[in-house]
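> What follows is each chain in one-letter form.
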Amino acid sequence: MRVLLSRIILLTLPFLASLPAYAGDAADFVAASSGEQARLLEAWAATPDATRVPLLKALQENRLGGDDNDVPFYEKGDAFVGAEGNAQPAGTPRKVRLNNRLRNLISAAMATHQLYSDVAADRLTAARELQRKAQPEQMALLETRLAVEQDDEVGQALTLALANLQLSDADPAVRLNAVRLLGETGQPQARNRLQNLLDDAAETNPAVRTAANTGIVQIDRKLLIGDVLGQAFSGLSLGSILLLAALGLAITFGLLGVINMAHGEMLMLGAYSTYVVQTLFQRYAPDALAFYPIVALPVAFIVTACIGMALERTVIRFLYGRPLETLLATWGISLILIQLVRVVFGAQNVEVGNPSWLSGGVQVLPNLVLPWNRMIIIGFALFVVALTWLLLNKTRLGLNVRAVTQNRNMAACCGVPTGRIDMMAFGLGSGIAGLGGVALSQVGNVGPDLGQSYIIDSFLVVVLGGVGQLAGSISAAFGLGIANKILEPQIGAVLGKILILALIILFIQKRPQGLFALKGRVID
Amino acid sequence: MTQPLALTAAQKAGPKTTLALIGLVFAVLIAMPVLSLLPADNPLHVSAYTLTLVGKILCYAIMALALDLVWGYAGLLSLGHGLFFALGGYAMGMYLMRQASGDGLPAFMSFLAWNEMPWYWYGTSSFFWSMCLVVLVPGLLAFVFGFFAFRSRIKGVYFSIMTQALTFAGMLLFFRNETGFGGNNGFTGFTTILGYGVATPGTRASLFLATVVLLGASLYLGWRLAQSKFGRILTAVRDAENRLMFCGYDPRGFKLFVWTLSAILCGLAGALYVPQVGIINPSEMAPTQSIEAAVWVALGGRGTLIGPLLGAGLVNGMKSWFTVAFPEYWLFFLGALFIVVTLFLPKGVFGLLKRKEDA
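Line by line, the protein sequences give chains A and B. The first sequence begins at 1 in full-length UniProt numbering and counts up by one. The second sequence begins at 1 in full-length UniProt numbering and counts up by one.
Bear in mind the hints are in silico, worked out from the structure with no lab data behind them.
Here are some of the chain A residues that sit facing chain B, going by a computed Cβ distance under 8 Å:
#1 I259
#2 F318
#3 L319
#4 L324
#5 L328
#6 W331
#7 L335
#8 F459
#9 L460
In this text, a Cβ means the ideal position worked out from N, Cα and C, and glycines have one as well.
Please build the complete structure, drawing on both the sequences and the hints.
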């Protein structure tokens, strides 16, 4: 008997010791069964209280645990800290087990708590969360918050969340109103909700069904606009990369009449220069890592321009007047460069990261996000084109380049050092490709075969745009880019490419010299 | 205009020596399959590996010869001959796949859960129709492409780029499973051809012999073409197309004919390549393959007919050795070969031999 009594005392002692502490929400939650936990969460969601936010946060991150006596603890790193008061855990606290239903309830509760936040962005995220996860009990709360909401965007999101709830209201008039609201939002999720209503079993009122149908049509129209704009944007983005790749090619082809098959490798070397600059920043200046693409631009330009000039002086110079041989020789150079990079950096892709100012994007429409890196690349491509235009049209070098392009012998007679001009132009073309490589490294994979995938497309830009004219290259690059991206979802990427090739062949029937041809009377 | 190099060389060396040399090479080539039938312990036995390797190189040599006809004579550098080669190979492959699958669907179609064959597989179980396809498909494609290309007077590097884009597009198309040609894996796992096992020594020897015969026939055809007035006009197209037009010729028909003929030769070479090597997949259409063929021709000597055969043999022989001995350095070597040949050997190895002979 004594033994039994002492056992009871021993067992209850720690429990008694913890009694004086305030039994708060966390303790309630830890002690509750999972059904009770759900009811607790629903109750919290309906009556938000700012002091509960840390608890909900811990729950979301799955950091709440209870020790042997159901005293709540938060996990912090390896240690456990008392959730309410400075208790020491008795035994190792065990984490509260959560199922999916509880997790949904937790995020809904968290969202209602955040509706009271002072920051509009927090309220917006919360309202968006509630669009998916709100429970009927929260309807009254949503209505009161909507009445006092100042921010338009948050207001709209709240209206939508409320409309989602009202769809299951008993009164057809309320449902009808909710359906109209959903239709006007243009959200893809709203479309799914409306789609469910079209079924006779799910919605008995014919007026609501008709409204749902109209709503779907409304949403589809908005989504279509978003889709088309999105395709046009990715077309512009592809076009700007093609432009950077083809610009240098068009200059050298116009000037020397040779096709540089190693041009794609200049893109690749530009991208690898970016990688090297990034690695150096990581090692020696990790604080300034965000600015590495800015530094990579001149580095890539100088590296590729020097390689281009060296190639011109050592190989291509000896092949002038033999364009087909130049093509083969430069192909050989490209093989060597690819293998060299494989030996030095490995055959695998290397990792080039976006700095924070190049990641993320702007949400323009519900289904259209414009990523920053692509927008900046489009701007950068236009900037490079503007620089090239200035260089070709406003400087001595540009004047000489244009003169040699139009008539090499005449230019030489007038004292233009054609050999040096060739070298400079080759360096310029390669350098522009190097800049293109920096841009490419921010949107795609960087590997030894990088240049090969762009070379044929950029040749087609040159063929289509004609040589010696910037306008031709620009319109051909953007035209090809947009046509590619618009055809892609309709008939698939491969058929799209084949169709474009066929179209180019047909186009050349009409205008063999490309879109913008230099007028001349020379015939061989 | 100088005459095609092979002609002058042959005239210098005297027709008898040249013919004797060619005859000797062909005698060796014809002897090889016969020797391969000898028992394995015979010292003169030629192993199946050697026979396949040489057979493969001979198929490439036919392709090089075909490319030489358009590049060496008409001055049209095609970077898309791999497409015609692969199309011929695929036409043959369709027949072999039907042989392997009997009355059922080829295995890759069953994997895709297709119930019936696409329409273009119709009749491929017949050897005769497949042979027609081997000729018709590359021929028609080359005819249509050439018709439009030559009509708008696309030439020089423009023509090279368009042909390269063409083979690239073909590769992308054949990589897709939906196209109905086995996608990435292509065709393989052949069992029989005309009822005989593909891997038996007898079939290997016959296929090898057929390749030698085709090579001889193409060489003879090229020789006759080069000797004829037609060959002279092609050389004129290469050297001064505008002057030729001023003389009242229309170069389009000549170019179109030689271009289509070359594509058909390539298709035939591809058809013989597939049963010997035992696989065909879209990588044969990769632009790299086609441009490599250009270096065979350039190394051997353009416009010489014999040179390209020499070049194909040399490069492929070295490739087989290099990729086993130093796989890392093969691309360095190939790249350097491209540069050295164009810089220092504008007339190829054959031109080098001829210069020594002259000196």
